[in-house]
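If you're matching them up, the sequences are chains A and B in order.
Mapping to my numbering: the first sequence position 187 is 187, numbers consecutive.
Mapping to my numbering: the second sequence position 19 is 19, numbers consecutive.
These are calculated hints, taken from the structure and not from any lab test.
Heads up, the beta-carbon is just placed ideally off N, CA and C, and yes, glycines get one too.
Fair warning: there could be bad hints in the mix.
What the hints assert, rightly or not - Simulated crosslink set (EDC-like; lysine to aspartate or glutamate; CA at most 20 Å straight-line):
no., chain 1, residue 1, chain 2, residue 2
1, B, Lys18, B, Glu50
2, B, Lys6, A, Glu172
3, B, Lys24, B, Glu50
4, B, Lys6, B, Glu50
5, B, Lys6, A, Glu34
6, A, Lys65, A, Glu83
7, A, Lys150, B, Glu50
8, A, Lys150, A, Asp161
9, A, Lys150, A, Glu139
10, B, Lys24, B, Glu12
11, B, Lys6, A, Asp168
12, A, Lys137, A, Asp6
13, A, Lys150, B, Glu12
14, B, Lys6, A, Asp218
15, A, Lys150, A, Glu140
16, A, Lys147, A, Asp80
17, A, Lys147, A, Asp44
18, B, Lys6, A, Asp35
19, A, Lys65, A, Asp80
20, A, Lys65, A, Glu131
21, A, Lys150, A, Asp44
22, A, Lys147, B, Asp43
23, A, Lys150, A, Asp168
24, B, Lys18, B, Asp43
Stated by the list, open to error - Partner residues aside, some chain B positions facing chain A, computed with beta carbon under 10 Å:
no., residue
25, Leu29
26, His30
27, Ala34
28, Asp79
29, Lys80
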Amino acid sequence: MQAPVDYLLQLADSALILGQRNAEWCGHAPVLEEDMAMANVSLDLIGQARLLYQYAATRLNAEGKSAPALTEDSLAYFRDVPEFRNYTLLELPHFPSHTGLLAPAAAAERDFATTIARNFLYSAYMALLWEALQNSKDEELAAIAAKSLKETRYHLRHSRDWLVRLGDGTAESRQRLQAALQHLMPYTQEFWFASEAESAAAAQSTGVLPATLQADWDALVDDALQEATLQRPPAAGYVTQGKCGRHSEHLGYVLGEMQGLARQHPGASW
Amino acid sequence: MSNTQKEWPLWEVFIRSKQGLEHKHCGSLHAVDAAQALQMARDVYTRRQEGVSIWVVPSSAITASAPDDKGELFDPAGDKIYRHPTFYRIPDEVGHM
Numbered sequence: 001m002q003a004p005v006d007y008l009l010q011l012a013d014s015a016l017i018l019g020q021r022n023a024e025w026c027g028h029a030p031v032l033e034e035d036m037a038m039a040n041v042s043l044d045l046i047g048q049a050r051l052l053y054q055y056a057a058t059r060l061n062a063e064g065k066s067a068p069a070l071t072e073d074s075l076a077y078f079r080d081v082p083e084f085r086n087y088t089l090l091e092l093p094h095f096p097s098h099t100g101l102l103a104p105a106a107a108a109e110r111d112f113a114t115t116i117a118r119n120f121l122y123s124a125y126m127a128l129l130w131e132a133l134q135n136s137k138d139e140e141l142a143a144i145a146a147k148s149l150k151e152t153r154y155h156l157r158h159s160r161d162w163l164v165r166l167g168d169g170t171a172e173s174r175q176r177l178q179a180a181l182q183h184l185m186p187y188t189q190e191f192w193f194a195s196e197a198e199s200a201a202a203a204q205s206t207g208v209l210p211a212t213l214q215a216d217w218d219a220l221v222d223d224a225l226q227e228a229t230l231q232r233p234p235a236a237g238y239v240t241q242g243k244c245g246r247h248s249e250h251l252g253y254v255l256g257e258m259q260g261l262a263r264q265h266p267g268a269s270w
Numbered sequence: 001m002s003n004t005q006k007e008w009p010l011w012e013v014f015i016r017s018k019q020g021l022e023h024k025h026c027g028s029l030h031a032v033d034a035a036q037a038l039q040m041a042r043d044v045y046t047r048r049q050e051g052v053s054i055w056v057v058p059s060s061a062i063t064a065s066a067p068d069d070k071g072e073l074f075d076p077a078g079d080k081i082y083r084h085p086t087f088y089r090i091p092d093e094v095g096h097m
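Pulled out of the complex, with its shape left as it was, chain B reads as follows (with noise of 0.2 Å):
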């Protein structure tokens, strides 16, 4: 087996829009290394202003669930209502939640 990658890595692109939210995937790019991920990050997701902070993530470093358990994984949540707290009401000071 050869040893040479033609490709350059894949990483994921995490962006906080503005200090107190949480950083949010938007896409991915190919790097070489961590720093030239964050480097191009910002030129390919930032140029209209939209984050404060970057997080890039190698995308092999990434656990995904299979498709195929979709049943078993998200269907039971489908008829518990009373899980969603809609039934209160948020006072407007609290803002962003």
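Isolated chain A (complex conformation) (with noise of 0.2 Å):
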């Protein structure tokens, strides 16, 4: 049994993302140790990406209707925003609410406390999506699963430990991660309805139905917040839809810094 191309898309744009944007952390990190630990988790999560998109592009090459052959590299950087299947929550800059700032490039404004706080929600939803999808009817997805379980669950362990450190820390640092959460949770309520990819694998027990993971996902988010004495902020107003391609104005920024390199020396190697 094979799973939606779409479904591994899905589960492939958003590691790249994610770990696109924690790679600005490199070199900028508050502490040297923390610049390590970030690039870290930015490779765990474009190696996870990698494996997805050379799975994909195995299957898109099958079907026989893109020539020149797919790789992972042209998945990767030669698609645009429509195309790119990453939930919203994870292409939003590093600031904690509308500053009016887009470009990446505004290191000064970067909040290390978003940081912490979008990769604790997103790793406390993936730890349990990979561990569900250890049992995926597709063979090769379910051993990247297991692969990436490892890794994720080290990042759950890294940012919630951050989580509780600042958030029970001092007035400014609890103060900021407050904000953070209020700024980032209403994107997390993407995570919860089915995409139209998710609906098929799930059908055919290939992927899982995301709203089977939620009452664990609220029991690690209110575990962690109550450790850390922050208030969950509650999860409402407009539900994004990156996943099903309707993006944020982000995007554009990410992906423009991202494929920049690769399209304008298509094909380049060092």
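Both chains are sitting in their own frames, so use the hints and assemble them into the complex.
Here you go:
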């Protein structure tokens, strides 16, 4: 049994875009040790994306519709905003709220609390999803899930640890983390409705309906927020639809930076 | 005197590279407590599969010999080559020693 390609791309794009976002800290993290940690997380995520893109490319090439043949690179670097299937949450800049800043180059405005809150919310979800996908009827996807689960559990541990330290830290760190949660929590609503690809994958038992993970995710989040002495903000309002290809204005800037080199020098190697 | 410590305390990191070998000192890092030091040691020092186990020790817990004492501590061993077990052949089967 094989999972729908769009389902694979949803997982791959989410890993790649968050990997790219977290990599913006490279050389700029608050301390050297954290710089390395953030780069490690990015490399894990980009590694997950690579496995999924390689598999997706094989599948698309078997359909024989695209010439020349697709590769992991063509999927990562030569698709445009509406073709990306990542959660909107992951393309947002590391800013606590609408500061009017778009470009990731605005390094001085980057907020570590936003980074931590996002990594926590996403890795808590992915730890549950990868765990479930180990039992996917798509054997290739099940193998990728088993590998990614270990990495993701570490990401969860790392971000949860900081969440508790900063939440239960100084007045400023607490205020910043609360603001970051306030800003990001509404975007997590996107996790729970089933996209077309998710419904199709669940129907053939290669994937899972996201709503089945919600109670466990709530428990993980509540437990961590309680330990961090933070309030859980409501997740209400507009439900973003990045996983269906409808994105915020931020993704274009992420792709511009990420894809620029590959598009200026197609096929370049080093 | 102010109690606010701006710098995070320093920790020494020891890594065991594989089962059966001893932990070796591999460097140091700054962290707020032992749990965080372990996590950071994992990120900073085991990225290339260097380890299967990590120890972290507060640098302040280490008592070091003074460089000025080098002469009296170490020089006397210099001319006692009979303390080196170089007069024995180690059988190949012994392996790592």
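Comparing the hints with the structure gives:
Taking the CA atoms of Lys18(B) and Glu50(B), the gap is near 8 Å; set against the 20 Å cutoff, the hint holds. Distance restraint check for Lys6(B) and Glu172(A): the Cα-Cα separation of roughly 15 Å lies within the 20 Å cut-off, and the hinted pair is therefore satisfied. Distance restraint check for Lys24(B) and Glu50(B): the Cα-Cα separation of roughly 11 Å lies within the 20 Å cut-off, and the hinted pair is therefore satisfied. Distance check on the hinted pair: Lys6(B) and Glu50(B) sit about 31 Å apart at the alpha-carbon level, beyond 20 Å; violated.
A distance of roughly 17 Å separates the Cα atoms of Lys6(B) and Glu34(A); the hinted pair therefore holds under the 20 Å criterion. A distance of roughly 16 Å separates the Cα atoms of Lys65(A) and Glu83(A); the hinted pair therefore holds under the 20 Å criterion. Of the pairs offered as hints, the one joining Lys150(A) and Glu50(B) holds, with about 18 Å between alpha carbons and a cut-off of 20 Å not exceeded. With a CA separation close to 17 Å, the supplied pair Lys150(A) and Asp161(A) stays within the 20 Å bound.
Pair hint Lys150(A) plus Glu139(A) holds up; C-alpha atoms about 18 Å apart against a cutoff of 20 Å. A distance of roughly 10 Å separates the Cα atoms of Lys24(B) and Glu12(B); the hinted pair therefore holds under the 20 Å criterion. This hinted pair checks out: Lys6(B) and Asp168(A) have alpha carbons roughly 18 Å apart, not beyond 20 Å. The suggested pairing of Lys137(A) with Asp6(A) holds, with an alpha-carbon distance near 16 Å, which does not exceed 20 Å.
About 27 Å separates the Cα atoms of Lys150(A) and Glu12(B), which puts this hinted pair outside 20 Å; it is violated. A hinted pair counts as satisfied when its Cα atoms are at most 20 Å apart, and Lys6(B) with Asp218(A) does not qualify at roughly 36 Å. With a C-alpha separation of about 17 Å, the suggested pairing of Lys150(A) with Glu140(A) holds against the 20 Å cut-off. Between the alpha carbons of Lys147(A) and Asp80(A) the distance comes to roughly 28 Å, so the proposed pair goes past 20 Å and is violated.
Taking the CA atoms of Lys147(A) and Asp44(A), the gap is near 10 Å; set against the 20 Å cutoff, the hint holds. Taking the CA atoms of Lys6(B) and Asp35(A), the gap is near 19 Å; set against the 20 Å cutoff, the hint holds. Taken as a hint, the Lys65(A) and Asp80(A) pair is honoured in the structure, with Cα atoms around 18 Å apart against an allowance of 20 Å. Between Lys65(A) and Glu131(A) the alpha-carbon distance is near 33 Å, which puts this suggested pair outside the 20 Å criterion.
With a C-alpha separation of about 10 Å, the suggested pair Lys150(A) and Asp44(A) falls inside the 20 Å cut-off, and the hint holds. For the suggested pair Lys147(A) and Asp43(B), the alpha carbons sit about 18 Å apart, so the restraint of at most 20 Å is met. Restraint check for Lys150(A) and Asp168(A): the C-alpha separation of about 27 Å exceeds 20 Å, so the hint is violated. Restraint check: the Cα-Cα separation between Lys18(B) and Asp43(B) comes to about 18 Å, which is no more than 20 Å; the hinted pair holds.
Here the hint on Leu29(B) is kept, as its CB sits about 5 Å from the closest CB of chain A, short of 10 Å. A cut of 10 Å between beta carbons decides the hint on His30(B): the least distance to chain A is about 7 Å, and the hint holds. A cut of 10 Å between beta carbons decides the hint on Ala34(B): the least distance to chain A is about 13 Å, and the hint is violated. Hint status for Asp79(B) relative to chain A: violated, with the closest Cβ pair at about 44 Å, above 10 Å.
Interface hint status for Lys80(B): violated, as the beta-carbon distance to the closest one in chain A is roughly 43 Å, over 10 Å.
Of the hints listed earlier, those the structure fails to meet are numbers 4, 13, 14, 16, 20, 23, 27, 28, 29, in rising order.
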